[in-house]
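What follows is the residue order along each chain.
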Amino acid sequence: DAEITQSPRHKITETGRQVTLACHQTWNHNNMFWYRQDLGHGLRLIHYSYGVHDTNKGEVSDGYSVSRSNTEDLPLTLESAASSQTSVYFCASSLAGAPDTQYFGPGTRLTVL
Amino acid sequence: AQKVTQAQTEISVVEKEDVTLDCVYETRDTTYYLFWYKQPPSGELVFLIRRNSFDEQNEISGRYSWNFQKSTSSFNFTITASQVVDSAVYFCALSEIINTDKLIFGTGTRLQVFP
Numbered sequence: 001d002a003e004i005t006q007s008p009r010h011k012i013t014e015t016g017r018q019v020t021l022a023c024h025q026t027w028n029h030n031n032m033f034w035y036r037q038d039l040g041h042g043l044r045l046i047h048y049s050y051g052v053h054d055t056n057k058g059e060v061s062d063g064y065s066v067s068r069s070n071t072e073d074l075p076l077t078l079e080s081a082a083s084s085q086t087s088v089y090f091c092a093s094s095l096a097g098a099p100d101t102q103y104f105g106p107g108t109r110l111t112v113l
Numbered sequence: 001a002q003k004v005t006q007a008q009t010e011i012s013v014v015e016k017e018d019v020t021l022d023c024v025y026e027t028r029d030t031t032y033y034l035f036w037y038k039q040p041p042s043g044e045l046v047f048l049i050r051r052n053s054f055d056e057q058n059e060i061s062g063r064y065s066w067n068f069q070k071s072t073s074s075f076n077f078t079i080t081a082s083q084v085v086d087s088a089v090y091f092c093a094l095s096e097i098i099n100t101d102k103l104i105f106g107t108g109t110r111l112q113v114f115p
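If you're matching them up, the sequences are chains A and B in order.
No gaps in the numbering here: position 30 of the first sequence is 30 in my numbering, and each next residue is one more.
No gaps in the numbering here: position 82 of the second sequence is 82 in my numbering, and each next residue is one more.
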């Protein structure tokens with residue numbers, strides 16, 4: 001069955017370290033997204049991609065980067081982790097075209113100490 | 001600007017009660033899509049429904065129903081005869097044609113169903 005996976009599921013790191021969160025989907029979806037979920041804010045868009053080599057900034061992109069070298073993967077990198085980046089991170093994917101349903105991965109809980 | 005408001009932060013009901021979760025949205029686009037997602041205590045986000053702006057018909061799926069009213073910019077979600085398994089955080093979201101596929105989420109409503 002097609003799916004979307006995230007790894008690791010839990011991560012503890014220290015301030016200033018570089019961290020990469022993986023997202024892999026087997027839906028063959030062109031569109032991929034990264035969100036963060038914080039209490040009182042719902043989910044907010046960090047970065048998104050409409051296809052290979054395409055990346056775009058979302059609402060809360062500062063301190064994050066992504067790259068898309070193939071259809072299946074969109075890794076999210078925190079260049080220098082900060083305590084404000086402690087959050088739950090969700091990856092999602094959808095088909096191209098008119099706003100299509102986004103299907104979400106299980107989430108990664110990141111703690112920055 | 002686009003915005004989704006879920007004014008109810010938390011709702012508590014007793015099993016078998018009906019409950020309505022409110023969602024009000026703002027958009028300048030004439031073509032848009034609305035979504036509801038469920039986030040149970042296990043944490044994953046589960047897609048419930050997608051509705052486009054041209055389809056104002058109410059939808060029913062088992063105990064779930066959705067009432068879309070463009071006149072009041074609302075897309076409310078009703079659970080009939082609630083069950084403990086309905087306990088979750090529910091998110092309403094908006095996606096505009098001009099911002100293709102970007103979802104704007106509300107802050108969510110936590111529903112607790114007590115036995």
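It cannot be assumed that every hint is accurate.
In silico DSS-like cross-links for lysine-lysine, where the CA-CA straight-line distance does not exceed 30 Å [stated by the list, open to error]:
(1) B/102 with B/70
(2) A/11 with B/38
(3) B/38 with B/102
(4) B/102 with A/11
Think of the hints as simulated: they come from the structure by calculation, not from any bench.
Each hint, compared with the structure:
no., hint, result
1, B/102 with B/70, "holds, 20 Å"
2, A/11 with B/38, "holds, 24 Å"
3, B/38 with B/102, "holds, 18 Å"
4, B/102 with A/11, "holds, 27 Å"
The structure meets every hint from the earlier list without exception.
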